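J.: Please arrange chain B on chain A, whose structure you already have, making use of the hints.
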Amino acid sequence: MIRRKLNMFFVFGAVLLASCVKENPDGDSDVGFLHGAYITNEGAFGNSNGSVSYFDTDSAIMVNHVFESVNGRPLGDVVLSVSIAGDKAFIVVNNSQKVEVVDLKTFESIGVIDGLEYPRYFLAINDKKGYLTDGNFNGRVYVIDIESLSITDTIPCGTGPEKMILYEKRVLVANSGGWGNDSTLTVIDTGTDKVSATWVVGMDPTDLVLDKDKQLWILCKGKVVWNMDWTIGEETSSSLVVLDPVSGKLKQTVNIGSVGDFFWPQRIGINKNKDKIFYLEAEGIYSRSISGSSSGSQPLISKNLYGFGIDPETDLIYALYAPSFTTSGWMFRYKPDGLRVDSLEVGIGPSQIVFN
Amino acid sequence: MLILTKGFGINLKEMHRLKYTIFSIAVLVMLLVSGNYTLLAQSMEVQLDEVQIRGSRKSSYTTDLHTVRIDTILKTKYFGCDLSQILKQETNLNITQYGGQGSLASIRLRGSAPSQTQINWNGIPVNSPTTGSIDLSLLSGGMADAIEIAYGAGGSLFGNGTFGGSINLFNNPDWDNRISVNLAGEAGSWNHYKTGISLRTGNNSWQYHLTGLYQTSPNTYRFHNTFKDGNPIEYRMNDSMNLLVFQQHIFFRLPHNWFLQYGAWIHNRNKQLPASMSSTPVFTAFQRDQSIRQFVRVTKWYRKSSVEMVAAYFTDSLLYAEKISKTDSIVKLSGIRSSDTYLSIYHRWFISNNLTLENGADFEYQTAKVEAYNGLADESRGALFSLLKFMVKQFSANLSYRQVFYSMTGPKPLFSAAFQYHMPVNGFSLKGQISNKFRFPTLNDRYWQPGGNPGLLPETGLGYDLGFIWGAASSTKTSINLSSLLFIQQINNWIQWVPTGNYWSPQNIRQVKCQGLELDLTGRWKIGTVGLIAKTMYTYTESFDMSLPAAETRYHRQLAYVPFHLLKIQAGINFHWFEATMSYKYTGRRFTSDDHDPWLDLNPYHLADFSISYTFLTKKDKIILTGNISNLFDTSYQLIRAYPAPGRSFYVSVNYLFNQKNQKR
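Protein chains in written order, with my numbering: chain A, 30 to 385; chain B, 947 to 1611.
This is chain A alone, in the form it adopts within the complex (with noise of 0.2 Å):
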């Protein structure tokens, strides 16, 4: 108990330290939790042993098991996701089933969104309303009422909808095909809650991000089954499919992993001016430029992580490293070209990062 105490003493001494160095630019230091980047830790499946790391970019200070620390419990079993929406932040605790909501000026918590099936992503439509994707087969939007933190709706789409993005009133949502395959998009209308279109895209799309010329860059890591002589029995290639956002119209289809070759790809991201496309393999992380130029058949960063995000402000590339689910993980900071920055200890199977 007195470790623990300890324990507490230097979060919050830690938490303290990086409030200090930041203040918004009318002067109140009361920023808290507000500004910085949210690593979520799954944990190993089962334990429940999940977390956030929050840690400040400008004091370059990691606070791990921050929701514990202020909230003195545990987060619970696969920490997927963060999302913020304002002030708080809507905490996807994938196999408790449950979604956590704080206050991230203080990160306490402020309430418990429960009774789901297989919680994703949640996003902040605006102010008052969210969308949060949920299912593992049969997949469906639940749309989520920001203030009284409760479902109001419930909207159907493709099979395990994962990642969403938010473009000029409608909601594009990836069908990844969880336990099973898809190849759609779900478009809904936000006004309506209803779905408007159902595009066909590429096989498991599972990621999303839009360009400068505003055209979505979709992740379609494929489809791979094994033969028990360790061959491939069923692979199908994984791409990124441009798309109109608005009209569906399909821009272009570039293949990064072919059959035969085993590319899955994961998880995909873009950097600040929105002119490179960013994505996670087991070999690391590639790069591409969004008019053509890729850089080949290398990744930009070698290393076998487990997720990744881009800073929208300095441009810095955050990679996630879970050398095992028994222990905790790393991130490492790499400049633009891939140069190592430093490298900080975050929780256990570290797997999304998410910038405010």
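By construction, these hints were calculated from the structure, which means they are not laboratory data. Keep in mind the model is a prediction, meaning the values are calculated, not measured. The beta-carbon is built from N, C-alpha and C at its ideal position, and this holds for glycine as well. Treat the hints with care, as some may be off.
[Unchecked claim] Chain A regions said to be covered by chain B (calculated; three or more residues, Cβ under 8 Å):
| no. | segment |
| --- | --- |
| 1 | 103 to 117 |
| 2 | 343 to 356 |
| 3 | 364 to 372 |
T.: Frame of chain A; chain B shown alone:
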């Protein structure tokens, strides 16, 4: 539910066909072998009975090891209890469990992993071919006549996976018995009910044992939810289990010094799988475990030797289903079927009164059908072994050698040496052993897709024990016994599943050093008609990851779920037919991550249990009434992170023992 039964129940027709094939072959082999020895048959010598009573070849070589034996109390106090319950109550072992009765229970003996302790039923391993370990709550320890824990048992004596040691369940005949029946019933907190029967009958030539048990435990116990604001009290959901088990054993003393034992064990358990405390579950998970285990042991005694043959066929099936609570619709369904065929033959030669030599061979064939294997996976392995036991008045020792044949890695030589020396100092003995050990990769390790690694090496290691035993008795009324033992165990190529890109894969990544101290002190006093017993067991265990150049964060750190300190104190009193026992257990801090993240540690806890019983006598029968309070002070604790253990629970049981020949205390 009906669909599940149809899809995954054991196919009895197929099982019968296989069973009869195996046993036909086994009987044929036995007849062929026995033919060569029949002419030499002589009358059985008295000294051989001792060996026979111990029930297993392996067990007769554990006397020089650190062993703990639980026997007479099994028939009444622990009738119908599973092995995890008995070990938690009677020993100081490190048992972890996911919740209430029937939840997955594992042992981490001497700082090893659950798959590194071999569990034997009448000398035959019951560890799962798919995972290497076995859920202790699936083993009906209370149906055994004796349970023996052999700490750090050598690989050359026992075979695969004995870094921690071995736990041996025996069923033995009582040739003086004619008929005895035990009817048992138990009721307890959270609507727990258990009822069973044990019938034992026979004569000097044959004995028959039949034991049956039915149990239902909803496990809706109270707990503090430490994952919610204010740690509210909640009631456990979706943790119920029901169990139906039968065992039968037939023992024959046949003419010409033949001995035959046949055992069968049918086990069916339905268990809901509760969510962790962090969840507000909308899924409910369910598991059905079914097992049929059978063996036959034939022994032929000669004047100065014996030959024993064992044939066993075990099948296990596991069905896992996940449903959405609201709709009751199944969203996930998977099943595992596995089988294990075991054949063993050995010859024991009593060269002199002081020297015994044993030579033999084991063969094991395992199969498993798992969805993730994309078909049936199988594996066979064999071993030749030689054992030499030497015994004089003050000194005993045994040497053993085993040559393992395993298709994946080629021959593996194993050896062990153990001794016990009774010193001239009154009641003082020294004992020690050195042995190397190994563990094959499991079928999951090799065939699971994606990730299974066919190139895995077996885990290997060398272990040492050294300790003493001291006993003193001032009269028949007072005695004191002390044993203390130091152990060191190296485990190389420890297999662990780690993320490797897009999937997980098992790798030989750890080098682990386990070392520690085991201390037992027992005192007994008799004051008039009052008997007193006090027992203290303390274990200090270091289990350090010494891998280099492993991640710095785990180097020289204690493995997860292995506490440094375990302490158990028991005090009992008996007076005429009244008996009461109080026990206390302390379990030290446990780490749950390799780098000892303090936010994830499990706090130390103290537990106390109390039991009281009274025995009523009639002319021939005996009725034992027992009351138990488990977790007397309602301690809130977790054996596995995020899975609460039961709070204070009350149990009342009655044992009606018909036709008891011995009415003495």
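J.: Taking 8 Å as the Cβ threshold, is the statement that the segment 343 to 356 of chain A is covered by chain B upheld or broken by the three-residue rule?
T.: With 6 residues in contact (Cβ-Cβ under 8 Å with chain B), the coverage given for the segment 343 to 356 of chain A holds.
J.: Tell me if chain B covers the segment 103 to 117 of chain A under the three-residue, 8 Å CB rule, please?
T.: With 4 residues in contact (Cβ-Cβ under 8 Å with chain B), the coverage given for the segment 103 to 117 of chain A holds.
J.: At a Cβ distance under 8 Å, does chain B reach at least three residues of the segment 364 to 372 of chain A?
T.: This one is violated; 0 residues, fewer than the three required, reach chain B with a Cβ under 8 Å.
Consistency note: the structure conflicts with earlier hint 3 alone.
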